[in-house]
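Number of protein chains: 2
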Amino acid sequence: MELFYASVTGNIVTLSAEESRHCVKVLRHKKNDIIHIIDGLGTMYDAKVIQPDPRATIVEITDRHHDFGKVPYNLSVALSPLKNNARYEWFVEKATEIGITEIIPMITHYTEKSKIKIERLEKILISAAKQSMRAKLPVLHEVQSFEQLLRSDFEQKLIAVCDAHSPLIEVYQKDRTTLILIGPEGGFTQQEMQLAHQQGFIPVRIGNSRLRAETAAIVATSVIANVNLN
Amino acid sequence: MELFYASVTGNIVTLSAEESRHCVKVLRHKKNDIIHIIDGLGTMYDAKVIQPDPRATIVEITDRHHDFGKVPYNLSVALSPLKNNARYEWFVEKATEIGITEIIPMITHYTEKSKIKIERLEKILISAAKQSMRAKLPVLHEVQSFEQLLRSDFEQKLIAVCDAHSPLIEVYQKDRTTLILIGPEGGFTQQEMQLAHQQGFIPVRIGNSRLRAETAAIVATSVIANVNLN
Chain A
0 MELFYASVTG NIVTLSAEES RHCVKVLRHK KNDIIHIIDG LGTMYDAKVI
50 QPDPRATIVE ITDRHHDFGK VPYNLSVALS PLKNNARYEW FVEKATEIGI
100 TEIIPMITHY TEKSKIKIER LEKILISAAK QSMRAKLPVL HEVQSFEQLL
150 RSDFEQKLIA VCDAHSPLIE VYQKDRTTLI LIGPEGGFTQ QEMQLAHQQG
200 FIPVRIGNSR LRAETAAIVA TSVIANVNLN
Chain B
0 MELFYASVTG NIVTLSAEES RHCVKVLRHK KNDIIHIIDG LGTMYDAKVI
50 QPDPRATIVE ITDRHHDFGK VPYNLSVALS PLKNNARYEW FVEKATEIGI
100 TEIIPMITHY TEKSKIKIER LEKILISAAK QSMRAKLPVL HEVQSFEQLL
150 RSDFEQKLIA VCDAHSPLIE VYQKDRTTLI LIGPEGGFTQ QEMQLAHQQG
200 FIPVRIGNSR LRAETAAIVA TSVIANVNLN
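From first to last, the protein sequence lines stand for chains A and B.
Under numbering that gives the first Met the number 0, think of the first position of the first sequence as 0, with each following residue one higher.
Under numbering that gives the first Met the number 0, think of the first position of the second sequence as 0, with each following residue one higher.
Quick caveat, the hints were computed from the structure, so don't treat them as lab data.
Watch out, some of these pointers could steer you wrong.
As the list makes no split between identical chains, a pair holds if one copy fits it or if it spans any two.
Stated by the list, open to error - Pairs of lysine-lysine, DSS-like flavour, derived with a Cα cap of 25 Å:
#1 LYS30 with LYS114
#2 LYS24 with LYS82
#3 LYS114 with LYS82
This is chain A alone, in the form it adopts within the complex:
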């Protein structure tokens, strides 16, 4: 099943030029075909093609499926922007597939770059959500400072550290809203570790070797997704 992405406000929806082209030119959908649309907010729609047009295809909603492909846990990952954009994009793609609820670009002392390309990342979110059959996109936040994040409100606050005593897989508790912080290439400073400790963050280990930042973020997401499988 192929999914399209559109903003849905009533029963009649016009697909974007890109989605229209894909629908009519690539998949060759005709009038009266049923296609499937996600709105990025959690609902998947069945829709009948009313007017196939490679620039602006019009469809009519025939059915709604709420919470389609919903991530069955709450997980926010704060990952520092990385020197190499492609690595951040890869994290966003994979985390969306595996299952994540919020992505927060976090600025720490050793962060070498304070910008991310939000528009490009949003395209990747949409494409990964379609691929993995999820109607709701993860929330992609604007960049936030480490200090802002320390004060944020989660039931379970974790910080990934290479030499932490406890493995994530042992510390993590299900059914709690969870934030995990993943530092940049240079890791966290001693002072950052101390501030996090004061705010109740628990240091967790997610590997037996030195992982790249984006690898650490994906490993943490994979572990939490799998602990929640049943």
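Using the hints provided, position chain B relative to the given structure of chain A.
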């Protein structure tokens, strides 16, 4: 700590042109500096620079560290070659970082491409092993058929299937040599599933959504690495 890669047979080692350039031009190592070398076979060496030369630096081994960064479990992942080479390369890089012992490109019914670029993948293995401080490279096999793999000898044989009943994290048992099969974009055929079943492979689930093949391979590796953390 920065690691170099070289084949080590005696106490005197000549670095390759690429490693020599990195040692002398980029890191500006001088005569009598101590550098660190992995041999890809499991040993990390301390070595003194005898003759810095951007084309052929000569060093002398001063100490040996066996099983440096050894992956503390045995895990072979068989992943079908993918249409997009970059995705396979990404899998090889991440799996090496996270920890894997063997990588097997597997040809199944729906495999669309039967070749992989071994030399390019070997470079990626080396670079990821250096990055993650592992002296031993995973074994990268030549392509093997699904049927060959069915007959291979592992204490624990798993096959990743979207709608499998049991999660990997529940089925997996530590301290056993383990093979996990990950299918291509189109999945496994009914017949392949049946053959695998007859040979004692257990179907396991590693996500609550449709994962790309290379994502599935990394999620499985992440879960097994983390179950083995302690």
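- Looking at the structure, which of the earlier hints fail to hold? 1
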